[in-house]
Amino acid sequence: MDHKEALHHFAHLYAHQPQQLSKQVRIELALRQAITRQWPTGLRLPSHRALASTVGVARQTLAQAIKTLLDEQLLKTAHGQGTWTNKPLAAATQVPTRLQLSERAQRVLSGPGASMIQNGSFVPGIPDIAQFPMRKWRQLYASVTVPQNALLLSYSTGGYGPLKRAIRDFLARWRKVHCDTEQIIITDGTHNGIELCAMALADVGDSVAIESPCYWGARNVFSAAGLTIEMLPWRPDEGHRLPSALNASPLVYLTGSHHYPLSVPTNAEHKRRLCDALSPTYVIEDDYEFNRDDHANLLFDPRSERHLLVGSFSKMMFPGLRLGYLVVPRHLAEPMNRLRSELFREGRMLDQAVLAQFMFDGDLDAWCHRIQRDYLGRQQVLHDQLRTLPKVRSVSMPSSAISLCIEFEPGINDVQIAQTLLKEHLVVRPLSPVCAKHDPRVGLVMGVGMLSGETLVREAQRLRRCLEALLR
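full-length UniProt numbering puts the first residue of the sequence shown at 1, with every later residue one more than the last.
Be aware that one or more of the hints could be misleading.
Here are the simulated SDA-like cross-link-like pairs (lysine to any residue), alpha carbons at most 25 Å apart as the crow flies [what the hints assert, rightly or not]:
| # | residue 1 | residue 2 |
| --- | --- | --- |
| 1 | K4 | G82 |
| 2 | K23 | H8 |
| 3 | K437 | P233 |
| 4 | K391 | H438 |
| 5 | K87 | H48 |
| 6 | K87 | P40 |
| 7 | K391 | V415 |
| 8 | K423 | R472 |
| 9 | K391 | L471 |
| 10 | K4 | V25 |
| 11 | K136 | G161 |
| 12 | K23 | D71 |
| 13 | K76 | V25 |
| 14 | K136 | D365 |
| 15 | K391 | E424 |
| 16 | K67 | R49 |
| 17 | K391 | S432 |
| 18 | K391 | E468 |
| 19 | K67 | H3 |
The hints are simulated quantities; they were obtained by calculation from the structure and are not laboratory data.
Start from the sequences, fold in the hints, and give me the full structure.
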């Protein structure tokens, strides 16, 4: 690959990064994708002047991006010899002939999981991090990190009290859930909350019933905990499809008011009929995505002795926050709080204090109102582009969520389509890997958090053109 070809390829990758990101971040992402996926190891990069000129940025901006990749060891440099790629050796990723991992770990790693690519057009599960009010967030950190707040550097036994009160009030406003602060357990995100439920409420070998299609993260957490997964297909117009022979399930895991990954409203009556048939000891509901008016879709009742609600701020605010909550029955609050402390320890008091103040000041409510309106408009743009494609059964109706799902006619290889789209820098997830073996649905799951405005329109049109060619 000569310098002219490398410059052309770099310019193409840079142009397809979300425009709301800074120029430095777009350069980093473009170079990282080129180095890890397409450029050979040892390729000498064109001069910094040529790279900066190609995409119209200042040399200082390019130099900062190059420094980041040098720190990550994706690039190497030597005085007077230029800069060249240092692609990780393939041998480093080869699986040894004798695996040292547990069977549970191998089972988790063999299925669908978190993608190494967490940015790009239509990447699912990522909210709009570019518009988040980071200035206010930084100001709140400065306000809580004062000498008299030294206790915020200690363990947070039971969680930060003011944050629990803020969550209690938020749930009452947005979800019509009226619970006591004692019922709230602060977690390090959804996965941590689900893991705590699996450890506290089931033993190795017990079964957990989950919906198909499912949230892959929950399935992986339950599998890693040694539970047997029973997947029950769910369709919005039919409800859950129950097998003729029902197995007793100590746990049932359900999506909250908005199904992920189908991105459609759920149905509380469907959930009620399923629980009546299975008679589980506990029902865990994951309020993954929601808006202010869909709380009627929740089955959760804070007065019940068997219902738990899992929530996270990562999809509302930004993924790196990694803070969430569990609302548990009163009789489980004390033992599950102690179990969390014993298994995971508790900290991050500074983060909890900042989040609490952010909520008390009304900033979270304002952000949710604003960004959910934006998501609805973005989904409408994408929906209009995809709904008339050939071999498409359905496209989820526009909503205020960050995800959208397109379902194909049977026989389409959605995994291959997703892989082909990735080569065009369109990042989507196939639907079939998160369906039960006897659930033939195929499709694509995509997000609208990383795109907006003219960039969204342009990329939606490009996605449509690619899908038209692939589906025909």
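Hint check:
no.	hint	in the structure
1	K4 with G82	16 Å, holds
2	K23 with H8	17 Å, holds
3	K437 with P233	10 Å, holds
4	K391 with H438	21 Å, holds
5	K87 with H48	19 Å, holds
6	K87 with P40	7 Å, holds
7	K391 with V415	16 Å, holds
8	K423 with R472	19 Å, holds
9	K391 with L471	7 Å, holds
10	K4 with V25	23 Å, holds
11	K136 with G161	22 Å, holds
12	K23 with D71	19 Å, holds
13	K76 with V25	19 Å, holds
14	K136 with D365	14 Å, holds
15	K391 with E424	21 Å, holds
16	K67 with R49	15 Å, holds
17	K391 with S432	16 Å, holds
18	K391 with E468	9 Å, holds
19	K67 with H3	20 Å, holds
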